[in-house]
Amino acid sequence: MNEIWAGMLAAFRLIVTLDADLVEITLRSLQVSLSALVIACVIALPLGTWLAIRRFRFRRATIATLNALMGLPPVVVGLIVYLLLSRSGPFGVLGLLFTPTAMIIAQVIIITPLIASLTHQAMRELWAEYHDLLISLNTTSRQRIATLIWDGRRALLTGALAGFGRAIGEVGAIMIVGGNIDHATRVLTTAIALETGKGDFALALGLGFVLIALALLVNFAIHTLSRTEQEGTW
Amino acid sequence: MNEIWAGMLAAFRLIVTLDADLVEITLRSLQVSLSALVIACVIALPLGTWLAIRRFRFRRATIATLNALMGLPPVVVGLIVYLLLSRSGPFGVLGLLFTPTAMIIAQVIIITPLIASLTHQAMRELWAEYHDLLISLNTTSRQRIATLIWDGRRALLTGALAGFGRAIGEVGAIMIVGGNIDHATRVLTTAIALETGKGDFALALGLGFVLIALALLVNFAIHTLSRTEQEGTW
Amino acid sequence: MVDASILVALRDTCVKRRGKTILGPVNLDLLDDGFTIVLGPNGAGKTTLLKVLHGVERVSSGTVKWSVPDAVARQTQAYVFQRPVMLRRSVRQNLAYPLKLVGASASDIDNGVTFWAAQIGLTEMLDRPATRLSGGEKQKLALGRALIRTPRVLFLDEPCANLDGRSTREIEGVLQRANAAGTRIIMTTHNLGQARRLASDIVFLLNGRLHEQGRATDVLRAPQTPEAKAFFQGDIVE
Amino acid sequence: MVDASILVALRDTCVKRRGKTILGPVNLDLLDDGFTIVLGPNGAGKTTLLKVLHGVERVSSGTVKWSVPDAVARQTQAYVFQRPVMLRRSVRQNLAYPLKLVGASASDIDNGVTFWAAQIGLTEMLDRPATRLSGGEKQKLALGRALIRTPRVLFLDEPCANLDGRSTREIEGVLQRANAAGTRIIMTTHNLGQARRLASDIVFLLNGRLHEQGRATDVLRAPQTPEAKAFFQGDIVE
Amino acid sequence: TMKLAVTTSFHNSGLSDVLLPVILEDTGLEVQLLVVGTGQALRLGEAGDVDAILVHSRAAEEAFVAKGFAPYRREIMYNDFVFIGPQSDAAKIASAGDAADALTRIAETEAPFVSRGDESGTHKKELSLWSAAQLDPAQFGSWYKAVGAGMGASLNTASGLDAYILADRASWLNFANKGTLALLFSGDPALFNQYAYLPIDPARHPHVKAEAQRTLEDWLTSPKAEALINGYRIEGTSLFVFNAEG
Ligand SMILES: Nc1ncnc2c1ncn2[C@@H]1O[C@H](COP(=O)(O)OP(=O)(O)OP(=O)(O)O)[C@@H](O)[C@H]1O
Ligand SMILES: Nc1ncnc2c1ncn2[C@@H]1O[C@H](COP(=O)(O)OP(=O)(O)OP(=O)(O)O)[C@@H](O)[C@H]1O
Ligand SMILES: [Mg+2]
Ligand SMILES: [Mg+2]
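Protein chains in written order, with my numbering: chain S, 1 to 234; chain F, 235 to 468; chain H, 469 to 706; chain W, 707 to 944; chain U, 945 to 1190.
Next up, chain S with everything else stripped away, as it sits in the complex (with noise of 0.2 Å):
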């Protein structure tokens, strides 16, 4: 239990001092995670939403199976990419394992299936209220997916929210891809497994304070800066 106050009381004494290697895992951890949160979006929203206003013959089987897709394990995803991208596998000569990109590609891997599956559920309704009069302006699919992702906006932004929390808060994948190499693939949530493994769990769930108080932060941006948005319309 004292543990928990002296994390407190380190990550307070981490933030106070601006501790250079925080400061320098807690950015790295933020490029890896928007980055893999941008890139997951423009995958996964289109085709969420096609999943939405699309009538095919698997599309049941095709949107249990992206359900399903959201329990992919981070540490087989993990091992794949790594598979793929050491000096043996198929893109072993790009040199990426053991780089940011690595960790972002891992990332969107495991957060692409969540987004995707929020999106169509959030979409599907929309695309009921739409359905008629979409249809009836004789709109083409990729106008259907714009309006629909638009108008939607509010609701696709707890997807993404949940993209990025996962994103942010995810371990298993990048220790393996990324290697938590010193100053070159540390990120928070490396660092407090590497902490806890120590045994110095203070500083580990002061690192992990530090995390949570980075999520709100982006979570609180996010926030303000949508209301002043939303006023307008809906």
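In case anyone wonders, no lab produced these hints; they're calculated from the structure. Any given hint could be a false lead.
As the list claims (entries may be wrong) - Which residues of chain H face chain W? A few of them, derived with a C-beta cut under 7 Å, are:
id	residue
1	509
2	510
3	550
4	602
5	603
6	604
7	605
8	630
9	635
10	638
11	640
12	641
To be verified - Computed spacing ranges between beta-carbons, pair by pair:
id	chain 1	residue 1	chain 2	residue 2	range
13	S	128	H	543	41 to 47 Å
14	U	1081	S	221	36 to 42 Å
15	S	30	W	814	40 to 46 Å
16	W	816	H	650	54 to 60 Å
17	W	814	H	485	49 to 55 Å
18	H	579	W	887	40 to 46 Å
19	S	128	H	501	39 to 45 Å
20	F	451	U	1015	38 to 44 Å
21	W	726	F	252	47 to 53 Å
22	W	899	H	592	26 to 32 Å
23	F	455	W	726	54 to 60 Å
24	S	150	H	479	23 to 29 Å
25	U	1174	F	455	50 to 56 Å
Using N, Cα and C, we set each Cβ at its ideal position, and we do this for glycine too.
Mind docking chains F, H, W and U with the ligands on chain S? Use the hints.
Just chains F, H, W and U with the ligands now, kept in the frame of chain S:
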């Protein structure tokens, strides 16, 4: 690359021979994750729905916080649960550390914010639709929540599946509070982490594929069950 | 302030949204019995007025005072919305819903559903999903659902807008019988013929303000203001 | 099979939902010009018929043949739904949306929006969120949005159900002018007076079947079937 | 049953898979292993969450005993550390004279080197070897990669990077993802790795299973254990040397 084939082969072999250890840890994985899912749903569905229908002073802040908590790093959750359940912690006398119960507790903490956030999101739309009617009929809060959850169950399903996915693939927290003890708290993900550490990628991948197959199975089962019942209503 | 025969009194009631006053200030007393028809052009604030009375729309300033405590008043009211809200359930479950809420017995619910389904002519559609009904059928269902708890006060927002001639007359009959049996009805319509057939008194709104109020025969036959006169002749109202 | 002056032909068209036939089999030819009013009691299948013609409702059997290829036909049609669909945007953006889809220039869009906002009387509400409009205002907006691409064929599903007398007459004027300018209009209504004022020909539906069709003057003055006769007198139709 | 916290390097060696079933058979005692980092193992012991620990980090163990968490430490066996590196062996450590020389060569060529960096027994050993070679890892360039992970994960990283690494022999032999890595240097007595058993003091944590602690300790120091430990081989190499005093 060869490892990936080897992994598939390993998965195939494990499943075909119904390896006793595999069956055991698979069942434990299911037991832990499904228990956590049920408990988390019991908390998160009413909570998220309540947030959707209730206007109060710090509502936006509460929701932003809930969204941020989707990013709770599992390792930190694991640590805190460990410190609470440890013999020298406040709940040490219960002797829950390194038992499946401890793993369930950690997973409930991790997935409850996720499910609650997604519930809130899904229920907001439905509430906008039902708002006037339910207010007009002079319903109690409890009745409103029950009605929304029932009529919005399809949308909630995706949230619950996202929670299940996160739980079944999670490793950081349950490694710390469960301890990955053979025949006691070993589950699929911790077994995968173990084999990865040994460098036995084929077996790790094999277990990973089993895990993914399990997630697929659960999702297809739920989709099939919910389909028969949907036809009638929405 | 509220005397015995007055059901509800509005005093300086205003509704503002996005800085614009969409209703009021309105001062209005409604008596304990009768069949009030609220008239006015599109956007006059009829829906807003009904919602304010019913308490589903927040008031920005002023008061709404029922002769009974608010909690009691709310329990005995029902409302049919302009755009009927369908629960994503079967027609039967939609009808049964208000009774379930008050914990009615299964047999009471069954009887109520059977009776009202017949009244609104949806007996054959009880097991359809309500969201799939035609426009008119939805309106009828919303009406049956509002009447099933035999409310003391019933608000109706253009309940016959999508109904055919025969259904309209049937529903009018149902409403008149309910009114005779003691249900206070407050209803909007754009159908002046219907207003003439049903109203005991008229409330005429314009630009969110109460413009004229009085006995139906008086107001309809001899409106006091030129705007009301023009409106009743279907003329341009500014 | 489809001759030059025939715009669209339905042959044995059926719509089945949940094992029930809700429309058809219908055999119907609509000519190249005119103002068709579709009449029938609630649940007769009017909405379904319009949607089938427009192609937003799937046909279970039979065919719908336009005189031009389907793709062309679809591009030049517009539809006003019974329950207007509002995009979650401002009124202005709702009006501009159909023009944006076809990549109109910014100035064309501006002009179109200004012109049609005035026509439907929503000029002062252009920057309001469309979802917050009153019932009648929503219907007007949907109408303006349908007309803004000057469609060749316009489907209207009870477009005046929630409109006041003056708006109804104004909209009727807009529709008649559009019709005179070459827009083929197919519209449902429960307002027989409106049918008399607007229709060049009538389609009368009952229980999903085509019961009577012909020139408006003929059908309205001297309906052939007893059911139609009863309906036009507002009588009970079984 | 009792809970025993062990380090990843011990578990990865595979010896536990041999010993545990025999212990169960001989004594009826089910030993549950918690495989964690050295530091975490000590913390589990301090909190009383396990009944005993088996680690290899002498200084930390002595501090643990000094603080009174365990009444004593009992040495059980040792194995040795080995230098692993790419078969091409750019730093030529295969021909090094001793461990310090090997490290000096690596530092001179600036060949990639993966360090556990997690303050585990292995990491501490590595640091002591660097200081024996009079080198300070804090001054090294980016070729020195502190990965902050367990033995297996670090080996995976080294394999991915074709880097040098210090590992215990058991983990290395049991490691399946060798890639182009090979054992390049071993045998310096400085590389010996002593494992010790530390029972948690029941006076401090009354709930720990004192009897089970003793049973396990007795068994681990018995001739039967000696035979099994000395006889444990991977690929024909024996790994552990039993050295408990009777
Ligand atoms: N939430 C809101 N925000 C802004 N304006 C609103 C809001 N709600 C209603 N209004 C505006 O207030 C006015 C009155 O609306 P109301 O729905 O009461 O009209 P109404 O008399 O019922 O009209 P109709 O006959 O068309 O149904 C309308 O101009 C409408 O656009
Ligand atoms: N998807 C569906 N599933 C089942 N029944 C349906 C479905 N859609 C429509 N119906 C039924 O088909 C019938 C015809 O519906 P339609 O909406 O065409 O009627 P309508 O003539 O437009 O009636 P109204 O005047 O009330 O708008 C109705 O009884 C309706 O309940
Ligand atoms: Mg209204
Ligand atoms: Mg209709």
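Results of checking the hints against the structure:
Satisfaction of the interface hint for residue 509 of chain H is found here, the shortest Cβ-Cβ separation to chain W being roughly 4 Å, below the 7 Å cut-off. For residue 510 of chain H, the shortest C-beta to C-beta distance to chain W is roughly 3 Å, which falls under 7 Å, so the interface hint holds. Given hint, residue 550 of chain H at the interface with chain W, holds; its Cβ is 4 Å from that chain's nearest Cβ, closer than 7 Å. For the restraint placing residue 602 of chain H at the interface with chain W, the shortest Cβ-Cβ distance is roughly 5 Å, inside the 7 Å limit, so the hint holds.
With a least beta-carbon distance of about 4 Å to chain W, the hint placing residue 603 of chain H at the interface is held under the 7 Å criterion. With a cut of 7 Å, the hint placing residue 604 of chain H at the interface with chain W holds, because the nearest CB-to-CB distance is about 3 Å. With a cut of 7 Å, the hint placing residue 605 of chain H at the interface with chain W holds, because the nearest CB-to-CB distance is about 6 Å. Against a cut-off of 7 Å between C-beta atoms, the interface hint on residue 630 of chain H holds, since the closest Cβ of chain W lies about 5 Å away.
With a cut of 7 Å, the hint placing residue 635 of chain H at the interface with chain W holds, because the nearest CB-to-CB distance is about 6 Å. Evaluation of the residue 638 of chain H hint against chain W yields a violated restraint, the C-beta minimum of about 9 Å exceeding 7 Å. Given the 7 Å rule on beta carbons, the hint for residue 640 of chain H is violated: about 11 Å separates it from the nearest Cβ of chain W. With a least beta-carbon distance of about 12 Å to chain W, the hint placing residue 641 of chain H at the interface is violated under the 7 Å criterion.
For residue 128 of chain S and residue 543 of chain H, the hinted distance range of 41 to 47 Å is not satisfied, since their beta carbons lie about 34 Å from each other. Range check, residue 1081 of chain U to residue 221 of chain S: Cβ separation about 39 Å, and the 36 to 42 Å hint holds. For residue 30 of chain S and residue 814 of chain W, the Cβ-Cβ distance of about 44 Å falls inside the hinted range of 40 to 46 Å, so the restraint holds. Taking 54 to 60 Å as the suggested C-beta distance range, the pair residue 816 of chain W and residue 650 of chain H conforms, at roughly 56 Å.
Under the hint 49 to 55 Å, the C-beta atoms of residue 814 of chain W and residue 485 of chain H, about 32 Å apart, miss the expected range. Checked against the hint of 40 to 46 Å, the C-beta distance between residue 579 of chain H and residue 887 of chain W comes to roughly 57 Å, which is inconsistent with it. The given range of 39 to 45 Å is respected by residue 128 of chain S and residue 501 of chain H, whose C-beta atoms sit roughly 43 Å from each other. Against the hinted window of 38 to 44 Å, the Cβ-Cβ separation of residue 451 of chain F and residue 1015 of chain U comes to about 51 Å, which falls outside the hint.
Evaluation of the 47 to 53 Å hint for residue 726 of chain W and residue 252 of chain F yields a pass: the beta carbon distance comes to about 49 Å. The hinted window of 26 to 32 Å between residue 899 of chain W and residue 592 of chain H holds, with their beta carbons roughly 30 Å apart. Roughly 31 Å separates the CB atoms of residue 455 of chain F and residue 726 of chain W, a value that falls outside the hinted 54 to 60 Å. The given range of 23 to 29 Å is broken by residue 150 of chain S and residue 479 of chain H, whose C-beta atoms sit roughly 44 Å from each other.
The beta-carbon spacing between residue 1174 of chain U and residue 455 of chain F, approximately 52 Å, falls within the hinted interval of 50 to 56 Å.
Checked against the numbered hints above, the structure breaks hints 10, 11, 12, 13, 17, 18, 20, 23, 24 and satisfies the rest.
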